[in-house]
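**Q** Sequences listed follow chains L and X, in order. If you count by this note's numbering, then the first sequence holds residues 1 to 427, one letter each, in order. If you count by this note's numbering, then the second sequence holds residues 1 to 239, one letter each, in order.
Think of the hints as simulated: they come from the structure by calculation, not from any bench. One or more hints might be untrue.
As a list, the in silico DSSO-like pairs of lysine-lysine whose alpha-carbon atoms are at most 27 angstroms apart [as the list claims (entries may be wrong)]: (1) X:Lys65 to X:Lys199; (2) X:Lys65 to L:Lys60; (3) L:Lys54 to X:Lys216; (4) L:Lys54 to X:Lys199; (5) X:Lys89 to L:Lys275; (6) X:Lys159 to L:Lys419; (7) L:Lys54 to X:Lys89; (8) L:Lys419 to X:Lys204; (9) L:Lys151 to X:Lys204.
Chain X is faced by these chain L residues, among others (derived, beta-carbon under 8 angstroms) [claimed, not checked]: (10) Thr139; (11) Ala209; (12) Lys275; (13) Pro411.
Simulated restraints, written as ranges between beta carbons of each label pair [what the hints assert, rightly or not]: (14) X:Asp111 to L:Arg57: 28 to 38 angstroms; (15) X:Asp36 to L:Val364: 39 to 49 angstroms; (16) X:Asp111 to L:Ser338: 55 to 65 angstroms; (17) L:Lys223 to X:Gln38: 47 to 57 angstroms; (18) L:Thr129 to X:Asn49: 50 to 60 angstroms; (19) X:Gln38 to L:His45: 46 to 56 angstroms; (20) X:Thr128 to L:Ser338: 37 to 47 angstroms; (21) L:Arg57 to X:Asn132: 43 to 53 angstroms; (22) L:Arg57 to X:Thr128: 34 to 44 angstroms.
Quantities reported herein were computed from a predicted structural model and do not represent experimental measurements. Ideal placement from N, C-alpha and C gives every residue a C-beta, glycine not left out.
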Amino acid sequence: MALGRKRRWLVVSGVLAVTGLMMLSLWAAIPQEVRSRIAAAVQVHTRAGNLERKPLRYIKDPNPAWSSIAVNAENNMVVMTDENLFRVVEYSRLDNTPPKARFTEPKRIISGDQTRMEMLCGAYIDPKTLDVYVTNNDTQDWMPVFSRNAKGNVPPDRLLATPHRTWGITGDETRQELYMTIQYPSAVVVYRKTAANNDAPLRMLEGDATELADPHGIALDLKNDLMIVSNHGHRRFYGGAAVSTLEKETWEEWIGKTTADLNTLPRRYIPGAGKFELPSINIYARNASGNTPPLRVIKGPKTQLNWPSHVAVHEDRGEIFVANDADDSILVFKTSDSGDVAPGRMIKGPKTRVKNPTGLTLDVKNNELWVANMGNFAATVFPITAEGDVAPLRVIRGGPADQIGLMIGNPGAIGYDSKRQQILVPN
Amino acid sequence: MLSRTMHDIRYNAVDDEVLVPNPFSNAILTFRGGADGQEPPVRIIQGPNTELNGPDRLAIDVVHKEIFVPNRGGVLVFPLDGNGDVRPKRAIRGPDTQIEGSSIAVDPVHDLFAVTGRERAILVFNRTASGNAKPLHIIRGPNAQIDRINQMAIYPEGKLLVVAMPGVQGDMEPPRVFVGMWSLDDDGDVAPKWTLTGKQTGLKKPFAVALNPEHKELYVTDMRLNGVMTFSVPEIFQH
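If we strip away everything but chain X, and leave its shape as in the complex, we get (with noise of 0.2 angstroms):
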């Protein structure tokens, strides 16, 4: 039931699955969380009454146990437990949201998630938003180096967003690429905090991230090199 194309993917500690949505066939899988081989997924989230419209990726908060699917300029949310042609539990969609949906990240400890947003933003949005919601913060303009933004990725306890920026869309080897680093209290057009790039990273065009508090680690996939690369970074883990 997996396609070749698999745009997201997130670990539930909590119940040890895995989530993986499949935009070719309106689902969101849940697999077994040690799921090897062929093996079928424990949970499907598919039918009309989803309104899934090709799901491409996906957030998880297993404090609240929801799962957020950015869904044609908006956001649905589903149990995290969602089964079968389940109806979303809200829905954030409406013109004064301003969501793109590229991208999804949530932050279950302070109650919010973050976006992509229309023109190149970041939006932050609280977790409990629904209907046609404002933005909290917006984070938007030439400071923000905002070229394209693939996966992003949150570390609650420092209320940091981190977001792998591929650079130019059908770019082979763009020349702005990095993964940037904002807090979620960031506002309007702000540079970000940190960023990871330069000649020493190897980077080419970052396109996922992933973090590993424990070890103070930062997984970065890179699409021109079809590489995994691991980096340590103790200094966005301190708060």
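Next up, chain L with everything else stripped away, as it sits in the complex (with noise of 0.2 angstroms):
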């Protein structure tokens, strides 16, 4: 009897379950207008009420801030992230905006709730497919792909499961593998091009001797078989390798196995230890994983580098190109450089309108450099050989000339300075 009380106990349990995840998918399967509406049919409770009200003021920058850009020249294709109206545009490769017109109408725009697109960071196209491969920091811990028809407010046609804080993106072809950068956990992550959901990563490159701080940029040379990985300098230490469980064993048999939340990693921290460091590019056997050092670093005072983010190789010059964020400058390093070295070759200056950049690409097929500037919301091309205070060879803009980026993205805090009147924002 008591047994049976307990097996009709069980199915009745295992029907509640089943119901109660059925609901939840049904639920997440619900689009998002529909769920806000329903939402909005929910009142919140309180006590003494809702203070719905409009805001008194409200700042808000209505053009979009680039953060990342790619060309496919076979096809005059230009991509750029936006990470401020959470879009992905796709422009001709040609387009160049009137100095006159407010801004330059993208080709495509991939944008909304369906796109699990948020803090954009990065872009990549597959070359033969043009497929575009998207990176989200900090709020959407996914990597959508999307078609080359895509457009408007539409789901992913792939989806990868990211580590949280993702940023830079680059792919190897002939290997079929994707490479990212993860800004904290400081770590480097390659993926299989094709790799989906909940799809373990191939290695990882993580650890106190590998030098990562803060990474941001990423990229390879096939050519001499190079990782090139741009560091903002914040970092944290492990005591050695950064995930306990590799003292049994390799990382390639732990992630091999592995079930676990890449977010989750049993990592041991060293409670108290950071340290600020000069921002940095580290150069890595391509290959490199686990807790392995750099081949060379190129840091120091006379690089100039501050907050050097997205970046790029020219194989055949040997030339590393860096959007050097906060110095409002392109740097261009020697990929055979290092220690405490000046760029060969600076492009900074009112005439290049170089503004906060972040994204950066290369077109080698037409010798053309692409800047992506965060701070006035245009893409600036250059001759790959630019150098100094030089005008842009065309420029996208995507909002009015006389006017610069807010560049609020992602404000997470906020604050009121009482005696100057002023709000303060971190970004």
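Can you join these two chains into the complex? Each is in its own frame, and there are hints to help.
**A** Structure below.
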């Protein structure tokens, strides 16, 4: 009798659990607009009332904040990510906004709550399919992939769960691999190019010996089998390898069998151990993994690195191009450079229209350097040999020429300076 | 020394300073109030004695000259003028505290601080609590309607806690988002005294809050809008 009751209870519990899971799945499948309407019908309870009213003032930049850029020269295709309006936009490589025009209309926009894109920070174009791969930083732990025809508020054609704070992205078409940087915990993660859903990475580069310090941009030099990573210089320490389980097995052995969420790896930080280091460009063997040191590091006051963001490599010229965000400049180093060296060339000055450049890519076919400027919503195109305070060959603007970007991005905090009556907004 | 990730900022009106945590370098940075451009901080709390472990948020008490930093399931308290590799003055941590620690705010008038707790809770402690202390009050439960908490602020004169509730993590446009306001005397499964939400507000994912009692204004940042809104809310400043 008791056993019968227990069985009945188990059956009832099972049915309830399955029903619950089905409800959750159904809720997730309901379009966001409908969900919002449902939610609006369910008011938040209060004791004294809801203070619903319009804001007195509203600070919002209506223009884009270009955070990354990718070019496919064969198809005259330029793709940029917009960290302000949460969009991927496509332009023609030959677009050039007339000086008096407010902006150039993109050929294609992908945006909306179905796209799984918010703090977009990296873009990669598949040279064969022209699929666009996008990295999200901080608020969406996904890499959405959109087909050549995707447009508007559409779900991605493919989604890969990526670690929290993924930033830069590049691809190795020969080996069909994707490389991404993770800002923090500082790491490089490599996936199969076709990875989807919760697929595990092929390898990770992480640990004290790597000297990774808040990494951002990533590029590959396949001619010399190198991986180049830019670092902002913010660093924490593990006392060796990052993941404690690695004491008993190699990273490849561990990652091959783990089902763990990569955001909850058993890392073992040393409390209190943190450091502000100078920004750097770290150069590794292309296939470096685990707690492996860089082959060489470009770092020091002569480098003028200051929040180095996306990077690109010109293999034939042996050059590394760096979007030097906080210095409003583009720096060019040799791939053989090491230590505290001055850049061989620099693009900087009022004629360049380079303002808080975070995105950067090369069009080797047409010998052009493309820069995505977050500070003035402009993509600026230069000859690959450009140097100094030179005007760009072409400019694609997403907003008016006489305005600058507010650069409010993911405003996670706010303060009020009562002395100056100023609102403080970190980004 | 600022990272691209800054999840808190507090203005010290007494000393005219601005404090910001840097979780990637395990540091608390203090800048001059009028700091501009690439000006270095005037003080940095950083080093092995600090025990800092990814400090993401902080709160300051300008009356008792202290900095409160949520730290891996606890709270570390530093002197407001601390510089270098300083030890915390005290630490609140242990299973009885129930601290989760994604956000914090201090009330120097009533000697209280509020911090986020495990299982979607707001915990209120005595300001001078230390060790494995139990919270004085716990706001938690279905009526509290807490999905996730970002930045918190306190209006001490009204003993009022103001909390940014951006909804379920990972949801692009979460169905339940609001700015919630509770009394620091509230305890148990209680609904917020006031909320700020609804179509007119335009809020989609409120991430942060700050108060301006002089002008009876509430400032709210919204992550989904990448915007900053100012609301006139005289009701909450009446006490």
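**Q** Now look at each hint and say whether the structure bears it out.
**A** Hint check:
1. Only pairs whose Cα atoms come within 27 angstroms are accepted, and X:Lys65 paired with X:Lys199 is rejected, the gap being roughly 40 angstroms.
2. Straight-line distance between C-alpha atoms of X:Lys65 and L:Lys60 comes to about 35 angstroms, which puts the hinted pair past the 27 angstroms bound.
3. Simply put, L:Lys54 and X:Lys216 have alpha-carbon atoms about 15 angstroms apart, close enough for the 27 angstroms limit, and the pair holds.
4. At roughly 9 angstroms between alpha-carbon atoms, L:Lys54 and X:Lys199 fall within 27 angstroms of each other, so this suggested pair holds.
5. For the given pair, X:Lys89 sits about 22 angstroms from L:Lys275 by alpha-carbon distance, which is consistent with the 27 angstroms threshold.
6. About 23 angstroms separates the Cα atoms of X:Lys159 and L:Lys419, which keeps this hinted pair within 27 angstroms; it holds.
7. For the given pair, L:Lys54 sits about 43 angstroms from X:Lys89 by alpha-carbon distance, which is inconsistent with the 27 angstroms threshold.
8. In summary, the hint linking L:Lys419 to X:Lys204 is not supported, as the alpha carbons are separated by about 30 angstroms, beyond the 27 angstroms threshold.
9. For a cut-off of 27 angstroms, the pair hint linking L:Lys151 to X:Lys204 stands: about 23 angstroms separates their Cα positions.
10. This hint holds: L:Thr139 has a C-beta 7 angstroms from the nearest C-beta of chain X, less than the 8 angstroms allowed.
11. Because the beta carbon of L:Ala209 sits about 18 angstroms from the nearest beta carbon in chain X, more than 8 angstroms, this interface hint is broken.
12. Satisfaction of the interface hint for L:Lys275 is found here, the shortest Cβ-Cβ separation to chain X being roughly 6 angstroms, below the 8 angstroms cut-off.
13. With its C-beta approaching chain X no nearer than about 4 angstroms, L:Pro411 sits inside the 8 angstroms limit, and its interface hint holds.
14. In this structure, X:Asp111 and L:Arg57 meet the distance hint of 28 to 38 angstroms, their C-beta atoms being roughly 34 angstroms apart.
15. The beta-carbon spacing between X:Asp36 and L:Val364, approximately 40 angstroms, falls within the hinted interval of 39 to 49 angstroms.
16. For X:Asp111 paired with L:Ser338, a C-beta distance near 56 angstroms keeps the hint of 55 to 65 angstroms intact.
17. Checked against the hint of 47 to 57 angstroms, the pair L:Lys223 and X:Gln38 fails, with Cβ atoms roughly 36 angstroms apart.
18. A hinted range of 50 to 60 angstroms holds for the C-beta pair L:Thr129 and X:Asn49, which are about 54 angstroms apart.
19. A C-beta distance of roughly 47 angstroms is found between X:Gln38 and L:His45, which places it inside the suggested range of 46 to 56 angstroms.
20. The hinted window of 37 to 47 angstroms between X:Thr128 and L:Ser338 is violated, with their beta carbons roughly 53 angstroms apart.
21. Between L:Arg57 and X:Asn132 the Cβ separation comes to about 45 angstroms, which falls inside the hinted range of 43 to 53 angstroms.
22. Distance hint check: the CB atoms of L:Arg57 and X:Thr128 are about 39 angstroms apart, consistent with the given range 34 to 44 angstroms.
In the structure shown, a violation is registered for the earlier hints numbered 1, 2, 7, 8, 11, 17, 20, in ascending order.
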